[in-house]
Every structure is written in C-alpha cells, then in structure tokens.
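K.L.:
Sequence:
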Amino acid sequence: MALDMLIEKIVKTQNPTVVGLDPALDLVPEFIKQRSYQKHGETLKGAAKAVFKFNKRLIDALCGIIPAVKPQLAFYEALGVEGVKVFYKTVLYARERGLYVIADAKRGDIGSTAAAYADAFLGATKVGQFEYSPFPADALTVNAYLGSDGILPFAEACAKYDKGIFALVKTSNPSSGELQDKAVEGIQVYELMGKMVAEWGAKVPGKYGYSGIGAVVGATYPEQIKTLREKLPNVFFLIPGYGAQGGTAKDLAAAFDSRGLGGIVNSSRGIIAAYKKENCDEQDFAGAAFREALRMKEDLRKEIGEMRL
546 MALDMLIEKI
556 VKTQNPTVVG
566 LDPALDLVPE
576 FIKQRSYQKH
586 GETLKGAAKA
596 VFKFNKRLID
606 ALCGIIPAVK
616 PQLAFYEALG
626 VEGVKVFYKT
636 VLYARERGLY
646 VIADAKRGDI
656 GSTAAAYADA
666 FLGATKVGQF
676 EYSPFPADAL
686 TVNAYLGSDG
696 ILPFAEACAK
706 YDKGIFALVK
716 TSNPSSGELQ
726 DKAVEGIQVY
736 ELMGKMVAEW
746 GAKVPGKYGY
756 SGIGAVVGAT
766 YPEQIKTLRE
776 KLPNVFFLIP
786 GYGAQGGTAK
796 DLAAAFDSRG
806 LGGIVNSSRG
816 IIAAYKKENC
826 DEQDFAGAAF
836 REALRMKEDL
846 RKEIGEMRL
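Those letters in the sequence shown? Residues 546 to 854, per our numbering, in order.
Please note: incorrect hints may appear among the correct ones.
In silico SDA-like cross-links for lysine to any residue, where the CA-CA straight-line distance does not exceed 20 Å [as the list claims (entries may be wrong)]:
{"id": "1", "residue 1": "752", "residue 2": "701"}
{"id": "2", "residue 1": "727", "residue 2": "740"}
{"id": "3", "residue 1": "822", "residue 2": "569"}
{"id": "4", "residue 1": "630", "residue 2": "588"}
{"id": "5", "residue 1": "752", "residue 2": "805"}
{"id": "6", "residue 1": "795", "residue 2": "559"}
{"id": "7", "residue 1": "601", "residue 2": "585"}
{"id": "8", "residue 1": "634", "residue 2": "557"}
{"id": "9", "residue 1": "651", "residue 2": "681"}
{"id": "10", "residue 1": "554", "residue 2": "692"}
{"id": "11", "residue 1": "634", "residue 2": "622"}
{"id": "12", "residue 1": "771", "residue 2": "748"}
{"id": "13", "residue 1": "748", "residue 2": "804"}
{"id": "14", "residue 1": "748", "residue 2": "701"}
{"id": "15", "residue 1": "842", "residue 2": "791"}
{"id": "16", "residue 1": "771", "residue 2": "734"}
{"id": "17", "residue 1": "554", "residue 2": "802"}
{"id": "18", "residue 1": "557", "residue 2": "848"}
{"id": "19", "residue 1": "630", "residue 2": "585"}
{"id": "20", "residue 1": "590", "residue 2": "580"}
{"id": "21", "residue 1": "601", "residue 2": "570"}
{"id": "22", "residue 1": "727", "residue 2": "717"}
{"id": "23", "residue 1": "842", "residue 2": "608"}
{"id": "24", "residue 1": "578", "residue 2": "828"}
{"id": "25", "residue 1": "771", "residue 2": "835"}
{"id": "26", "residue 1": "752", "residue 2": "550"}
{"id": "27", "residue 1": "651", "residue 2": "575"}
{"id": "28", "residue 1": "554", "residue 2": "779"}
{"id": "29", "residue 1": "578", "residue 2": "771"}
{"id": "30", "residue 1": "598", "residue 2": "835"}
{"id": "31", "residue 1": "752", "residue 2": "778"}
{"id": "32", "residue 1": "752", "residue 2": "549"}
{"id": "33", "residue 1": "557", "residue 2": "847"}
Derived by calculation from the structure, the hints in this document are not laboratory data. It should be emphasised that the depicted structure is a prediction, and the values quoted were computed from it without experimental measurement.
Kindly generate the complete structure, drawing on both the sequences and the hints.
P.N.:
Okay, here's the thing in structure tokens:
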C-alpha cells in the first residue's frame, strides 16, 4: 500500500517529519510577493504565483532531509482558481522532487460524492476513452465521522490505486474533546473511531505491519496517543500539534513502535516561517526552514531512536 512507500521514505531519511505547506500570505516573504505583484498585480493570480515560488524554494531546500509534505488545500482555495492551480502544481513538483504528498483536504461525504472526492485526490476521472488524475497525491486526510458509507469509497480507491488515507480520530485542537472525549457505552468516541479505522484498514494491509488507512492523532494529547497506540497496533498515525500548538517530541513518542515506526509528525508554520522566528534576512527563508527541519529531526530522533524496516 502507499503508506509502505511513506514508511520507506521515513526510514531512508531517518526523519518522521511531514512539512505542512500552509502558505498563508503573511508567511510568504515580502520580496517574493512584491516581484509577483509587479508582474501580475495585487491580484489573486499575483498572490498565487508568489505562493508557488515560495513552495518551490521550500521543497528544493527540504527534499533531501524530509520524507513528505502536506499541502493544506484551504490556503490554496482561498486564492480561488489560481490557488487551486498552484495546489496542483505543488503536488506535482513535490513528487518530482521525491517527496511523498499528503493532500490535507479533510474530505468527507457519502455515496457518489465521497467517490468523486476519492477520484479527485486518490484515483482518476474517466473522460471518454481516457483517465486523468486531477490532484495526484499519495494520500488524503478524510473526515470519517460520517460513518462507514462516508469512508468506504476512499478505502476502495486506496486498494485500487495503491494510495493512503488518514482519518480524523483524536484531533489536536483544544475543543476536540467536546465530542471526541464523550463516552458512548463506556467507551470514548475517539476510541470508537479508532476501532473503526482499524477495521477498515484490515482490508488494505501493508507489508510493514501498518494498513493503508491511518489515523490523525494530535501530539497535544499524549495520554490518548498512548492509549490509541496500544489499541491500534496496525494503524499508522499522522500527528499534528508539534511545536506551535504545544506538542513535544516526548509527548508523541508513544506513537512509535520498537522499530521507530508508527507515525509521521507534522510541522507547518514552525518550518515554513522559521525565518520569522530566527529573525534572519527573509532572503534566507529556505535556509531557515532547512535549519528548523534539521533541528526537529534531531529532536524527534532523541525520543524515537533509529527507524528501521
């Protein structure tokens, strides 16, 4: 399954980091924006062109030390049609540079609509005699809280096209407990969701012990991470919340098994806007991102240890 490829890239780089390409315009260096605005005007097109320049420079700087990127679709949709084009171009460029791409779209619906989302991000759309991959990511984040009929079309696409998905289970946001921590017949909702993810994943097993259906589990809830890892030994975790949201390497260490496998940890603005934290020349934004990604890698390695197949 496609998560096998992600695991192999993690082992190759010895780095369980995924960089969130969440290019809010205030994170894009002024010199990039101004050059783009001079050519295309202060327009959505001008902003989108600047974002792509930003993304390319980051990808070029980081592709040798990280295994994956995770572009968050909302930041591209905010720029309209031109932004969606940049999302597509970013996916293609990241894959060209050898990175695994997780489309962070959190899609979720039922029936034919779920199948259409799956075709868009994981599969293909048939046009006459031809098939096209609209947004050819390696994996997709999904909202599984609609139940089985909202997730099975995605699972079928995973099996057919050798792709992966990550379903929301225990999210990193402060209010997640308003629903996810509630008990149903003595079992918390996030545990029930995790159990369902494991059952769906059994239909798409991987060769390293983890299925093609992973779970989003926040670093901001270390006790829940520990509980879910014990209950879900074959579910790979996508772990947001490290750094800016307060999660630490120690908080998330329980997500990983004795081989140093079991999850990939997201950092978005902590890496892509590291130049702001360093207060360095914005021309060196890609260098700052590299330095922060390397620091994060070393931080995680101290807690997780060597990663091996």
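K.L.:
It remains to establish, for every hint, whether it holds in the given structure.
P.N.:
Cross-check of the supplied hints:
Distance hint between residue 752 and residue 701 is fulfilled; the C-alpha atoms sit about 18 Å from each other, no more than 20 Å. Between residue 727 and residue 740 the alpha-carbon distance is near 15 Å, which keeps this suggested pair within the 20 Å criterion. Proximity of residue 822 to residue 569 is assessed by CA-CA distance (about 16 Å); at most 20 Å being required, the pair is judged to hold. Proposed proximity of residue 630 and residue 588 is supported: the alpha carbons are some 15 Å apart, at most 20 Å.
Restraint check for residue 752 and residue 805: the C-alpha separation of about 16 Å stays at or below 20 Å, so the hint holds. Between the alpha carbons of residue 795 and residue 559 the distance comes to roughly 17 Å, so the proposed pair stays at or under 20 Å and holds. With a C-alpha separation of about 18 Å, the suggested pairing of residue 601 with residue 585 holds against the 20 Å cut-off. For the given pair, residue 634 sits about 25 Å from residue 557 by alpha-carbon distance, which is inconsistent with the 20 Å threshold.
Simply put, residue 651 and residue 681 have alpha-carbon atoms about 16 Å apart, close enough for the 20 Å limit, and the pair holds. Distance check on the hinted pair: residue 554 and residue 692 sit about 31 Å apart at the alpha-carbon level, beyond 20 Å; violated. With a C-alpha separation of about 14 Å, the suggested pairing of residue 634 with residue 622 holds against the 20 Å cut-off. Distance hint between residue 771 and residue 748 is unfulfilled; the C-alpha atoms sit about 24 Å from each other, more than 20 Å.
Between residue 748 and residue 804 the alpha-carbon distance is near 24 Å, which puts this suggested pair outside the 20 Å criterion. Among the hinted pairs, residue 748 with residue 701 is consistent with the structure: their alpha-carbon atoms are about 9 Å apart, no more than 20 Å. Distance check on the hinted pair: residue 842 and residue 791 sit about 17 Å apart at the alpha-carbon level, within 20 Å; holds. A threshold of 20 Å between alpha carbons decides the hint, and for residue 771 with residue 734 the separation of about 16 Å falls inside it, so the pair holds.
With a C-alpha separation of about 17 Å, the suggested pairing of residue 554 with residue 802 holds against the 20 Å cut-off. Pair hint residue 557 plus residue 848 holds up; C-alpha atoms about 18 Å apart against a cutoff of 20 Å. Under the criterion of a C-alpha separation no larger than 20 Å, the hint pairing residue 630 with residue 585 is consistent with the structure, at around 16 Å. For a cut-off of 20 Å, the pair hint linking residue 590 to residue 580 stands: about 13 Å separates their Cα positions.
Taking the CA atoms of residue 601 and residue 570, the gap is near 15 Å; set against the 20 Å cutoff, the hint holds. Note on residue 727 and residue 717: the hinted pairing holds, with a Cα-Cα distance of about 16 Å set against a maximum of 20 Å. A C-alpha spacing of about 13 Å is found between residue 842 and residue 608, which places the hinted pair at or below 20 Å, so the restraint holds. For the hint pairing residue 578 with residue 828, the CA-to-CA distance comes to about 12 Å; that is within 20 Å, so the pair holds.
Simply put, residue 771 and residue 835 have alpha-carbon atoms about 30 Å apart, too far for the 20 Å limit, and the pair is violated. About 10 Å separates the Cα atoms of residue 752 and residue 550, which keeps this hinted pair within 20 Å; it holds. For a cut-off of 20 Å, the pair hint linking residue 651 to residue 575 is broken: about 30 Å separates their Cα positions. With a CA separation close to 18 Å, the supplied pair residue 554 and residue 779 stays within the 20 Å bound.
Distance check on the hinted pair: residue 578 and residue 771 sit about 43 Å apart at the alpha-carbon level, beyond 20 Å; violated. The straight-line distance between the Cα atoms of residue 598 and residue 835 is roughly 16 Å, inside the 20 Å bound, and the hint therefore holds. This hinted pair checks out: residue 752 and residue 778 have alpha carbons roughly 14 Å apart, not beyond 20 Å. As the CA atoms of residue 752 and residue 549 are separated by approximately 7 Å, the hinted pair is consistent with the 20 Å bound.
Between residue 557 and residue 847 the alpha-carbon distance is near 17 Å, which keeps this suggested pair within the 20 Å criterion.
Violated hints for the displayed structure, listed by number in ascending order: 8, 10, 12, 13, 25, 27, 29.
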